[in-house]
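There are 2 protein chains.
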Amino acid sequence: MPNFAIIGSGAMGSAVAKRLIDHGATVLTYLEGRSEQTIARAKAAGMVPVGRQELTQADLILSIVPPAEAIKVAELVADISSGMQAPPPFVDLNAIAPKTMQALAARFEGSGVEVLDGAIIGGPPVAGKSGPTIYISGDSAKPSRLLEDCGLRIRRLDGPLGAASALKMCYAGINKGFVGLGTAMLLAASRSGAAESLKAELSESLPDIDRKLSRSIPDMYPKAYRWVAEMQEIADFLGEDDPAATIFRGMADLFSRMASDVEGSRMLVGQLDEIIGHPGTDN
Amino acid sequence: MPNFAIIGSGAMGSAVAKRLIDHGATVLTYLEGRSEQTIARAKAAGMVPVGRQELTQADLILSIVPPAEAIKVAELVADISSGMQAPPPFVDLNAIAPKTMQALAARFEGSGVEVLDGAIIGGPPVAGKSGPTIYISGDSAKPSRLLEDCGLRIRRLDGPLGAASALKMCYAGINKGFVGLGTAMLLAASRSGAAESLKAELSESLPDIDRKLSRSIPDMYPKAYRWVAEMQEIADFLGEDDPAATIFRGMADLFSRMASDVEGSRMLVGQLDEIIGHPGTDN
Numbered sequence: 001m002p003n004f005a006i007i008g009s010g011a012m013g014s015a016v017a018k019r020l021i022d023h024g025a026t027v028l029t030y031l032e033g034r035s036e037q038t039i040a041r042a043k044a045a046g047m048v049p050v051g052r053q054e055l056t057q058a059d060l061i062l063s064i065v066p067p068a069e070a071i072k073v074a075e076l077v078a079d080i081s082s083g084m085q086a087p088p089p090f091v092d093l094n095a096i097a098p099k100t101m102q103a104l105a106a107r108f109e110g111s112g113v114e115v116l117d118g119a120i121i122g123g124p125p126v127a128g129k130s131g132p133t134i135y136i137s138g139d140s141a142k143p144s145r146l147l148e149d150c151g152l153r154i155r156r157l158d159g160p161l162g163a164a165s166a167l168k169m170c171y172a173g174i175n176k177g178f179v180g181l182g183t184a185m186l187l188a189a190s191r192s193g194a195a196e197s198l199k200a201e202l203s204e205s206l207p208d209i210d211r212k213l214s215r216s217i218p219d220m221y222p223k224a225y226r227w228v229a230e231m232q233e234i235a236d237f238l239g240e241d242d243p244a245a246t247i248f249r250g251m252a253d254l255f256s257r258m259a260s261d262v263e264g265s266r267m268l269v270g271q272l273d274e275i276i277g278h279p280g281t282d283n
Numbered sequence: 001m002p003n004f005a006i007i008g009s010g011a012m013g014s015a016v017a018k019r020l021i022d023h024g025a026t027v028l029t030y031l032e033g034r035s036e037q038t039i040a041r042a043k044a045a046g047m048v049p050v051g052r053q054e055l056t057q058a059d060l061i062l063s064i065v066p067p068a069e070a071i072k073v074a075e076l077v078a079d080i081s082s083g084m085q086a087p088p089p090f091v092d093l094n095a096i097a098p099k100t101m102q103a104l105a106a107r108f109e110g111s112g113v114e115v116l117d118g119a120i121i122g123g124p125p126v127a128g129k130s131g132p133t134i135y136i137s138g139d140s141a142k143p144s145r146l147l148e149d150c151g152l153r154i155r156r157l158d159g160p161l162g163a164a165s166a167l168k169m170c171y172a173g174i175n176k177g178f179v180g181l182g183t184a185m186l187l188a189a190s191r192s193g194a195a196e197s198l199k200a201e202l203s204e205s206l207p208d209i210d211r212k213l214s215r216s217i218p219d220m221y222p223k224a225y226r227w228v229a230e231m232q233e234i235a236d237f238l239g240e241d242d243p244a245a246t247i248f249r250g251m252a253d254l255f256s257r258m259a260s261d262v263e264g265s266r267m268l269v270g271q272l273d274e275i276i277g278h279p280g281t282d283n
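So the protein lines, in turn, are chains A and B.
Just so we're aligned: 103 in my numbering is position 103 of the first sequence, and the numbers increase by one with no gaps anywhere.
Just so we're aligned: 275 in my numbering is position 275 of the second sequence, and the numbers increase by one with no gaps anywhere.
Because the hints were derived from the structure by calculation, they are not lab data.
There may be inaccurate statements among the hints.
Identical copies carry no separate label here, and so any pair may be met within one copy or between two of them.
Derived pair list, reagent style DSBU-like, types lysine-lysine, alpha-carbon separation capped at 30 Å [to be verified]:
id: 1; residue 1: K99; residue 2: K129
id: 2; residue 1: K72; residue 2: K212
id: 3; residue 1: K199; residue 2: K99
id: 4; residue 1: K99; residue 2: K223
id: 5; residue 1: K199; residue 2: K142
id: 6; residue 1: K199; residue 2: K72
id: 7; residue 1: K223; residue 2: K142
id: 8; residue 1: K199; residue 2: K129
id: 9; residue 1: K43; residue 2: K99
id: 10; residue 1: K43; residue 2: K199
id: 11; residue 1: K223; residue 2: K199
id: 12; residue 1: K199; residue 2: K212
id: 13; residue 1: K212; residue 2: K142
id: 14; residue 1: K212; residue 2: K129
id: 15; residue 1: K212; residue 2: K43
id: 16; residue 1: K43; residue 2: K129
id: 17; residue 1: K212; residue 2: K223
Using the sequences provided together with the hints, build the complete structure.
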């Protein structure tokens, strides 16, 4: 059975690892300097902590980290792979802009490492469900086949390195941007006394949107800190010439404010929970 | 039967007039300096063009214009009402921020005109359907009763003058902001070669959102020019302290770019139509 290495054992990384392990694979990881919580989650998923150099014993190395860490992880992998005769391919699965992906790939120049651009669309794998979908571009088909054989849903994109990242940016821009819009306007309604009438009007005239917001906003609270860099990546992806880049710089600031609130007073969380009728949480 | 005056005979103003006329009311309007198209639309709806001073013969004067014109219309009405013993009440139904609404109301100080804050949520009235919903705040109940009696769906808000405007800002921020997000990301997908995979992924994993975008984006083309000022009003409503104000300044620029394209080369319209499978239009 194949041997994978996954750098990053957050909610997504550890759940992807568990899916692979459940299909018989071994999943190595590197945990030096990580928090107790991360170490516990990695072990619970059945990942095997190893030293950094041993990561290269895998058939494939995956990076599943917050976007702001993607380049650092690539540099680590380029470093440990340097000088190897047949280093394992490297798949970046992070929510980064195509340009960031190209800058990341440049770290491997002359190293002999095959670099693939991947993007995960959907939440972490859950037993009994086939998602998320992992898009891969720049692939010779062999590396991603290994993932497919171990229970992951893979779609290959014809485009060049960066095509999967572009898809992820566009998808996240719509999906997470929508949560940002809803968050901003529910908070504004709350402070201007229009919360009740807004909620009533949404549930009546836009029931799909109302349902999606009521579910997605509480799901966002613990992820807001991670979405900050993701929104900045989307702004970079759109580029200075596109007026929509401004939209996502605003989104980054909004999620940054939410992230501070989630870790701090939870005043905004309380306002949002009240409008959407969410029972609230104590953690 | 009551006598109304409606200033503004765009798609919304003329359709509201027609609903009132179909219920037996007379609807006066003021058309000096308007385009041939506007004059034709007003007459087709059965509106009666009068001189500006005669507008005050109505039982109620409504303003239904693009947000950037709302203050100018209020000044006209304050001017023609000045010196009257019992001037008709004035209802602003435009998509303006609560602060703009308060600035607008200030134009009537000392005039004896009762000023109401209204907001229209939903598209123009269509025969056989009960919508849109017209929210009214700051109402003594009598003026809006007249509208209700002539076939409009009215909801009174308890809040002060500005509460209806706040509701409209929040609702439009979600509803039109969503169209802006979709427009921005579909265009980005188009120029980065990810259009096909994005459309496939959306229709599979977010079918509600996909359907709504496919319908709402073409509907937006002819309205984009009007949405520019509306997005600016939302940014003002949110205020400088709110990072989400930046989101709506970006939205205003995006719709401004769309409006230029709609009137010009229609290159962006073509890209959007191609992705969403819209047959396109020649107008």
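Going through the hints against the structure:
1. K99 - K129: This pair counts as neither: shortest intra-copy Cα distance 33 Å, inter-copy 50 Å.
2. K72 - K212: Neither, since 35 Å and 39 Å both go past 30 Å.
3. K199 - K99: between (40 Å within a copy, 22 Å between copies)
4. K99 - K223: within (24 Å within a copy, 34 Å between copies)
5. K199 - K142: Close across copies (26 Å), not inside one copy (50 Å); limit 30 Å.
6. K199 - K72: neither (43 Å within a copy, 32 Å between copies)
7. K223 - K142: For K223 and K142, the Cα distance exceeds 30 Å both inside one copy (33 Å) and across copies (49 Å).
8. K199 - K129: between (32 Å within a copy, 22 Å between copies)
9. K43 - K99: Answer is neither; intra-copy 34 Å and inter-copy 56 Å both fail.
10. K43 - K199: Neither. Shortest intra-copy (43 Å) and inter-copy (38 Å) distances fail the 30 Å Cα cut-off.
11. K223 - K199: both (24 Å within a copy, 25 Å between copies)
12. K199 - K212: both (13 Å within a copy, 19 Å between copies)
13. K212 - K142: Close neither inside one copy (38 Å) nor across copies (38 Å); limit 30 Å.
14. K212 - K129: both (20 Å within a copy, 26 Å between copies)
15. K212 - K43: So K212 and K43 fail the 30 Å test inside a copy (33 Å) and across (43 Å) alike.
16. K43 - K129: within (22 Å within a copy, 59 Å between copies)
17. K212 - K223: Both: 17 Å inside a copy, 26 Å across copies.
Hint check: violations occur at hints 1, 2, 6, 7, 9, 10, 13, 15; the rest are consistent with the structure.
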